[in-house]
Amino acid sequence: MNIAITDPHYAVKIKAIQALYGVTDPELNINIVDLGLVYDIHINEELKKVSVEMTLSTKSCPLGGIITNHARVAIEDKLDDYDAEVQLVWEPKWNYDKISAEGRIALGL
Amino acid sequence: MKPPDEHISHISTVVPYYILAAVSFVIFQILLIISLPEIHLHYFQPKLLALTHLFVLGWGTMVIFGAVNQLVPVIAETKLYSQILPVINWILLTIGIPILIWSFWTFQFIWITYTGASLIIIAIILHAFNIYKSIFAGKSNIIADILLMAHAWLFITGSIGLLLLINLISPLFPEEHLHYLKIHAPIGMAGWFLQLIIGVSARLVPMFMLSRRENTKLLSTSFYTLNAGLALFLIEGMIFHSFHGRYIYLLLVIVGLAAYATYIRGCYKSALRKQKDAGMRQTFIAIGFILAALVLLIISIWVGTSVQPQITTLFGLTFFCGLVTIIIMGQTFKTLPFIVWMHITKPNALPELMPKDLFSEQWVNIQLWVYLPGLLLLLTGLAVKLTILLQAGAFLMLIAAIIYTVHVLYVTGKLKTKQL
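Sequence lines, in order, name chains A and G.
Letter by letter, the first sequence follows residues 1 to 109 in this note's numbering.
Letter by letter, the second sequence follows residues 1 to 420 in this note's numbering.
Simulated from the structure, these hints should not be mistaken for lab results.
One or more hints might be untrue.
[Stated by the list, open to error] Partial chain G-side listing against chain A, Cβ under 7 Å, derived:
1) V74
2) L210
3) Q275
4) T345
5) P347
6) N348
7) L350
8) M354
9) P355
[To be verified] Short derived list, chain G residues pointing at chain A, Cβ under 8 Å:
10) I8
11) P73
12) R212
13) L272
14) R273
Even for Gly, the Cβ is constructed at its ideal location relative to N, Cα and C.
Go ahead and model the full structure; you've got the sequences and the hints to work with.
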């Protein structure tokens, strides 16, 4: 996921991404950003809210609820003034091509 | 946002099954050592019958029930229909199985034997009902179909088993007892265990290895040919009391296994993660035992079990102690640490430990490298009728079973420390 430097919420989004790097997929043992699960981040400055759009490797992933909760907690820990909300989306469908170069190295691919 | 944690089955539907299965595994290995002097005899004798049923019910089926209670919600993308039924089933099995094993061991068939056997059948029916209701409420797919059919075969196997028990004291069947035993055992092995292994591994292997390609047409081919072979075998055996078409049925099963092997090969070839961890290594070794068991099965059909009953024992040990046990030993540590982790990790704090921290990869490797030589020694000892090899093999297998059980208790013991 790329964030343009011209994005008006660049600084907050970078902090949110940094927080999400700390959330690990329990099976693959790499963070959810490098795994390509995080699709988008929206900032509402008025409501002081960070909304994350992310997916799971499979709809029925039993760890899904835990991962999304950890994503929310990680952002709220990093951005004290903000509330976080994580929304699961299923389009586009996640596939292994979404794993970043760093993720592939971490997986030994 | 509603997190999909409804896919997590309650801990009591899974973990007690793993623990009781592990304990049964150790008891099985102890009783195997005690029974070694009689292992060369015909397979229809008290101790071998007791051992076989302790293995298939106390070890294999027990751990499969627990794993299926966790896996069905994942496979069918639904929740487990009832969280109470698995608890009831566990209690029924815990009472019923020891009674049945005692009856076989002592070869005494009294009222309590039939009570125990009935409790087991009730547990099988209730478990199958729970799985059927869960899958029908979820998403249909070939793996869910395989699981459904496997449970149907389990029910048929258990029912014939109960009738065979009654037949021992009050003849029910027109043909001799062994004729029906030759139906009861293969449909349990292929219909329940083999089919379950095909279904579950078809889901887990590509998931753990990050396979890009899953050819489900091959799985469908495997499903239809395997079940056609078994159904024809059952119909001829039960209605026409013969096995004239056995080579055709065997061929259908072989085609099914070949389709499954091709599916697994495709998953492996398209996998991003080809490096296998200890659990996956054991899974692939176990799958290799299918071929060994198949060769022994063909030999036993060819020479006739009346001439060489030891070949049937050799085939049974290869299938159960090779395929079933090794795959369970490997997959336990691919599933149980995650199940425990899901229940102890706090949703509102980042975890300090991950599932990989809840077990020892090294001990999973040690368990394999103690068990596998033990099994090979046991099989060789049986083939060449050398007692010292049998004893050495069975002793190593017992050590491996103890390592496995202590490891399972170590992982499940983490449930007491809800501080992640």
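Cross-check of the supplied hints:
1. V74: holds (5 Å)
2. L210: holds (6 Å)
3. Q275: holds (6 Å)
4. T345: At about 6 Å, which falls below the 7 Å cut-off, the nearest Cβ of chain A leaves the hint on T345 of chain G intact, so it holds.
5. P347: holds (4 Å)
6. N348: At 6 Å from the nearest chain A Cβ, N348 of chain G passes the 7 Å test, so the hint holds.
7. L350: This interface hint holds because 6 Å falls under the 7 Å limit.
8. M354: It holds, given that the least Cβ distance between M354 of chain G and chain A is near 5 Å, below 7 Å.
9. P355: Since the shortest Cβ distance to chain A is 5 Å, the answer is holds.
10. I8: Holds - the Cβ of I8 of chain G comes within 8 Å of chain A, reaching about 5 Å at its closest.
11. P73: holds (7 Å)
12. R212: Check passed: Cβ of R212 of chain G comes within 6 Å of chain A, closer than 8 Å.
13. L272: Holds - the Cβ of L272 of chain G comes within 8 Å of chain A, reaching about 5 Å at its closest.
14. R273: Result: holds, 6 Å to nearest chain A Cβ.
The structure agrees with every numbered hint stated previously.
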